[in-house]
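Number of protein chains: 4
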Amino acid sequence: MFNFKNDYCYIAHENILNAMFNIKDEANEVYGLDKHSANAKELIKKHINGVDVDIHFLVGGTITNKTIISHILRPYEAVISATTGHINVHETGAIESTGHKVVTIDSHDGKVKVDDILKCIKTHTDEHMVLPKLLYISQSTETGSVYTKDEIKELYTCCKENGLYLFVDGARLGAALATGLISIDDLAHYTDAFYIGGTKNGALLGEAIVVVNDTLKENFRFSIKQNGGMYSKGFVAGIQFEALFTNDLFLKLAVNANECAKLLYNELIKRGIKFQSECITNQIFPIVSNELYEKLKEIAYFELWEDLSDSKVIRFVCNFKTTTTDVLNFVLKIDELLK
Amino acid sequence: MFNFKNDYCYIAHENILNAMFNIKDEANEVYGLDKHSANAKELIKKHINGVDVDIHFLVGGTITNKTIISHILRPYEAVISATTGHINVHETGAIESTGHKVVTIDSHDGKVKVDDILKCIKTHTDEHMVLPKLLYISQSTETGSVYTKDEIKELYTCCKENGLYLFVDGARLGAALATGLISIDDLAHYTDAFYIGGTKNGALLGEAIVVVNDTLKENFRFSIKQNGGMYSKGFVAGIQFEALFTNDLFLKLAVNANECAKLLYNELIKRGIKFQSECITNQIFPIVSNELYEKLKEIAYFELWEDLSDSKVIRFVCNFKTTTTDVLNFVLKIDELLK
Amino acid sequence: MFNFKNDYCYIAHENILNAMFNIKDEANEVYGLDKHSANAKELIKKHINGVDVDIHFLVGGTITNKTIISHILRPYEAVISATTGHINVHETGAIESTGHKVVTIDSHDGKVKVDDILKCIKTHTDEHMVLPKLLYISQSTETGSVYTKDEIKELYTCCKENGLYLFVDGARLGAALATGLISIDDLAHYTDAFYIGGTKNGALLGEAIVVVNDTLKENFRFSIKQNGGMYSKGFVAGIQFEALFTNDLFLKLAVNANECAKLLYNELIKRGIKFQSECITNQIFPIVSNELYEKLKEIAYFELWEDLSDSKVIRFVCNFKTTTTDVLNFVLKIDELLK
Amino acid sequence: MFNFKNDYCYIAHENILNAMFNIKDEANEVYGLDKHSANAKELIKKHINGVDVDIHFLVGGTITNKTIISHILRPYEAVISATTGHINVHETGAIESTGHKVVTIDSHDGKVKVDDILKCIKTHTDEHMVLPKLLYISQSTETGSVYTKDEIKELYTCCKENGLYLFVDGARLGAALATGLISIDDLAHYTDAFYIGGTKNGALLGEAIVVVNDTLKENFRFSIKQNGGMYSKGFVAGIQFEALFTNDLFLKLAVNANECAKLLYNELIKRGIKFQSECITNQIFPIVSNELYEKLKEIAYFELWEDLSDSKVIRFVCNFKTTTTDVLNFVLKIDELLK
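Chains as they are written, first to last, in this note's numbering: chain A, 68 to 406; chain B, 68 to 406; chain C, 68 to 406; chain D, 68 to 406.
To be clear, the hints were calculated from the coordinates, so they are not data collected in a lab.
Since we're looking at a predicted model, the values are computed, not measured.
Be aware that one or more of the hints could be misleading.
Note that identical chains are pooled: a pair holds if it fits in a single copy or bridges any two copies.
Keeping only pairs whose Cα atoms sit at most 27 Å apart, straight-line, the calculated DSS-like set for lysine-lysine is [claimed, not checked]:
| hint | residue 1 | residue 2 |
| --- | --- | --- |
| 1 | K200 | K284 |
| 2 | K362 | K102 |
| 3 | K186 | K379 |
| 4 | K189 | K178 |
| 5 | K102 | K364 |
| 6 | K91 | K72 |
| 7 | K102 | K72 |
| 8 | K319 | K113 |
| 9 | K364 | K91 |
| 10 | K379 | K220 |
| 11 | K91 | K400 |
| 12 | K284 | K227 |
| 13 | K189 | K379 |
| 14 | K186 | K364 |
| 15 | K200 | K220 |
| 16 | K329 | K91 |
So here's chain A without its partners, still in its complex pose (with noise of 0.2 Å):
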């Protein structure tokens, strides 16, 4: 069977399983406090220019999300998503139950414009309606889109001039890194937290929180062992992102997920097969008959997007460990159920 279904489903990079076998004999300090922590952080700031970052591991991307959201906003402030936003629809309610209301405007193609932001502010007139005062996105999005910088750059604006913060899940920030059409300094200039995400990318699990707006800096790490985020064995977290971040590790990962996904878009439009929306990171969505859809199922995993009756958007990713040659033999086999 070939594995087209997500982007986690392989266990770490050798690198990192290395890496951890390496440190078996150390004893480290616990809570983030070691040495490894302390070093992946400062190779995650090389990428970062003339601003002071505060960095903290997290043990997953829920949780990060919760975290940084609940220690944003006071009880009666909402955060804006897109309708498609992770935190909207695929985190059993976490946001909520942390006690804010998800305010939600359109999706384009899994990215918000400046003018439904601007909308949604005005229809929020007083105080018996909550008070929108947190943007979520997700860069690269739910449906494999990406913000360019000037993108991102805009919806910062446009937030600063509304008393807005901007936060950026970044469970897939690698693929859009990968694009080249934004940078982690980009996102260290133009947002007030973003994360970087370790297991989409890579990692066993983990994700990199970076704090940039100052006033969220302080006694965030109560937040994180509140919402149990904290990992005991910080180091866990430290050595993954250290072996990530050396030898551009992270971006040559998700270059080569992205690239593998291009590959099979190219080979797939090559055969007349639709998309409904272009390639632009791992992610991509054929149209398929219904027909094919189920002779597509003996031969790979992958997942049911949306049911369009007469034929089928589903969903191939690439990951880490997907190879060009994965691509061209599952083609191959496409081409013998195309006959």
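On the provided structure of chain A, position chains B, C and D as indicated by the hints.
Chains B, C and D in isolation, oriented as in the chain A frame:
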């Protein structure tokens, strides 16, 4: 420097690291629905007779406590804990953050007594007060003590007679099991839920919660996800618990830690050092002069437990990697200090 | 100035004020355990046949919604509401503050439809999403419409078939009852809980929640107290609902408000004014030119409902003190404006 | 039967009932933006010199505590309270329901001491514990005692030196003011917020919160609304506080209650009855034999405070309607019982 600071300063047992390395090319199901998790659950269930339990793996201890406690309680219900209970002191109000009061009763060397529970229930008379509905205990406790099978049974009987659930925090369950005073099977018979702590007994991270009471089983995965306790790569937990429950590794690691602690305890007793409590598990609490305290700090890592002004209670913890050689060398050094 | 702004601008009906004065020397039991509350409950129960209900008085509408909804739901469960639902728009995120997501479905002139509920349930597929468990509707709705007995029954059947509870926000229940399309008895048969709003129908403040479903009855007073909805002087509510349910005062006040609204509606129709929706209860929504809007503001209090650029939807509300004379005088003034 | 059970068993003072009757034909602005509320605030502000405060009216005591405390605290912050504090014991976990731990310190006849506060702060050492950020005290306390001006000032100084806010629960503030030991102006100078309790001093219901600290003022109406504490008919509160702060009615009612309690206390002392604490305000705590207790129950309503096995502590409360005649008649009856 000798290291007696805690039981989570080493990354993981070699068998776990090897097992992770061995599956590096294996694409797995995600969110805990993989074969390693399934197998690990079966291995744990072999320790349980005649009780049908659900097992789930979560990323850490605080989040496990938070998840099960908020899953059990209605909004106005409270959890009873010893004043020394981890949830009362060292989780940054994580339980309260889910909306529930932690009602405290006296700690008797870390343990709770039936009389105190009954008194607590009796003082909560009406709807102007919270309704105690759950008893939380730690096994082994925060001070290294252990409830025997009979003690757990007595608490469970008390709970059932008074409409309470009983949940056991097993962050250091290994240390309790290694005493032989209690078994996993006993816990499955005399609790509503308990967890088997991996982090403090050889795992990278991760805890296995065993849900015994049928009424608590439904939709538990919703609670795990909402609290952020669900691994994307659930097989990271599965592979670890497979290793820990193969050839009794989990028990052996805990036995080693307890035995090293016992050796250290006995040797120090011989040298006239007094202890705050008896050695039961892998944590011991010597009372040392201020002078000795200062000298010890130069040769070893350990924790200051309580400052008694004219002397100090300190904590030595042995772990899965501590050896009798480590202990004996440490004792030799102490002999020099005591000269 | 004429006053058509809302139905809670007058302190209370004279009978209520008199009743309060009459008990000024009476020492009463507190927290709702008094004889007036007991009697008021009996008077309400006379409207209900063959169903055993619990009735409680709470201090206000938002707190009633918050109390019952958080009492019903488990942490990961959500409430379904029309986008226009009061809990979704105008309670400052009170429901989310108790930890629950409000899942929205389309509003059809303030009402929800079975098809939309079924679609909503169907899209919530697994534990990565909240679990819809409760349907919230308003009767009469925020836009003045009313669910008929058959419609409520259909929604209730849908709820029962799909494991949902049904709760009816009756802030303006009087207006719905006054149409004759539904009775208190119908609600007791086809909902799990509903409330009878006092504030907007002649009371100083206070709502009577009727808990129908047995599984929701236990410990409800704990939820009321925790949410702050319990009166210290419960007899303040008791005395009011005694007055309202004596000689059909509650119904009569609502009938008056509806009839005045209908009169105003008909007179304006005669004058060629269009409406956004039909007149069903005590709220009507004329569409007026910007010019007329400006003139109306000088002679009356009312609310701007929606700005259509070239015209405006405004809201006129009649209340328990509005008279047909008020309405006819207002119409005469409008005639002058229209000249 | 004599009634010494509590201070909220009578509906309201006649002036309030009359004032309500007088505005029965008056259409008012809603949600607290009416002229009566504005005027009532001005009347209260006359008691405050040189401090700019915000005043809001809320529907009850529990909801006022919940609203201000959750408005002040960040998620990981905690409130310090005496073990006897109302929020700790008698609000069904309302504070915890907003996510915050109530950290308790010793109660000295209902009052807290600086030393205990400092000790509490010192034991909260890092991010594994909650961060105490607010001191909650009751004035007068749950046991009838009163903080003098100097004591409040000392607590306030301690708070400011340690980064804490100070909030005063004034459910029985009248009783404290009536002692002359403290004034509203003192509270405005030496707290961050306090409330003036109407319910227990002659009002139907309602409390006036005075927000002193500028940093707490912003968006407070959002918090009131979200917590359900906002009156739709805000003028119901306005009219009451107008009456209470006209001709010193508020003070006079409290003086009466205190004086009646003092009379009863003195008469009982003369008869050899011992008390658990001195009489300071309107609550007194006689210690009576079990025999006398049984006899008293037949002639009066009062509360059992503490069962000492061989005797009982009971509570007598005087209120705004208690007269010296009531007290003296009661004493005559007791004389008969004592024969």
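Hints and how they fare:
Taking the shortest Cα distances, K200 and K284 sit within 27 Å of each other both inside one copy (17 Å) and across copies (17 Å). Proximity of K362 and K102 under a CA criterion of 27 Å is satisfied inter-copy only: 25 Å between copies versus 51 Å inside one chain copy. Only between protomers do K186 and K379 lie at most 27 Å apart by alpha-carbon distance; the minimum there is 18 Å, versus 34 Å within a single protomer. Proximity of K189 and K178 under a CA criterion of 27 Å is satisfied in both settings, with 20 Å inside one chain copy and 25 Å between copies.
Taking the shortest alpha-carbon separations for K102 and K364, only the inter-copy value of 20 Å comes in at or below 27 Å, while the best intra-copy value is 46 Å. In this assembly of identical chains, K91 and K72 lie within 27 Å of each other by CA distance solely across copies; the values are 17 Å between and 33 Å within a copy. With identical chains, the CA atoms of K102 and K72 are at most 27 Å apart between copies only, with a shortest distance of 17 Å across copies and 36 Å within one. When the C-alpha separation of K319 and K113 is checked against a cutoff of 27 Å, the pair qualifies only within one copy, where the shortest distance is 17 Å, while the shortest distance between copies is 44 Å.
Taking CA atoms no more than 27 Å apart as the test, K364 paired with K91 passes between copies only; the shortest distance there is 24 Å, against 42 Å inside one copy. With identical chains, the CA atoms of K379 and K220 are never at most 27 Å apart, being 36 Å at best within one copy and 37 Å at best between copies. Taking the shortest Cα distances, K91 and K400 sit within 27 Å of each other only across copies (25 Å), while inside one copy they are farther apart (43 Å). For the homomeric pair K284 and K227, the shortest alpha-carbon distances inside one copy (18 Å) and between copies (22 Å) are both at most 27 Å.
Taking the closest pair of Cα atoms, K189 and K379 come within 27 Å of each other only across two copies (17 Å); inside a single copy the shortest separation is 38 Å, beyond that limit. Taking the shortest alpha-carbon separations for K186 and K364, only the inter-copy value of 26 Å comes in at or below 27 Å, while the best intra-copy value is 43 Å. Proximity of K200 and K220 under a CA criterion of 27 Å is satisfied intra-copy only: 18 Å inside one chain copy versus 37 Å between copies. Taking the closest pair of Cα atoms, K329 and K91 come within 27 Å of each other only across two copies (25 Å); inside a single copy the shortest separation is 39 Å, beyond that limit.
Hint 10 alone, counting from the list given before, is not met by this structure.
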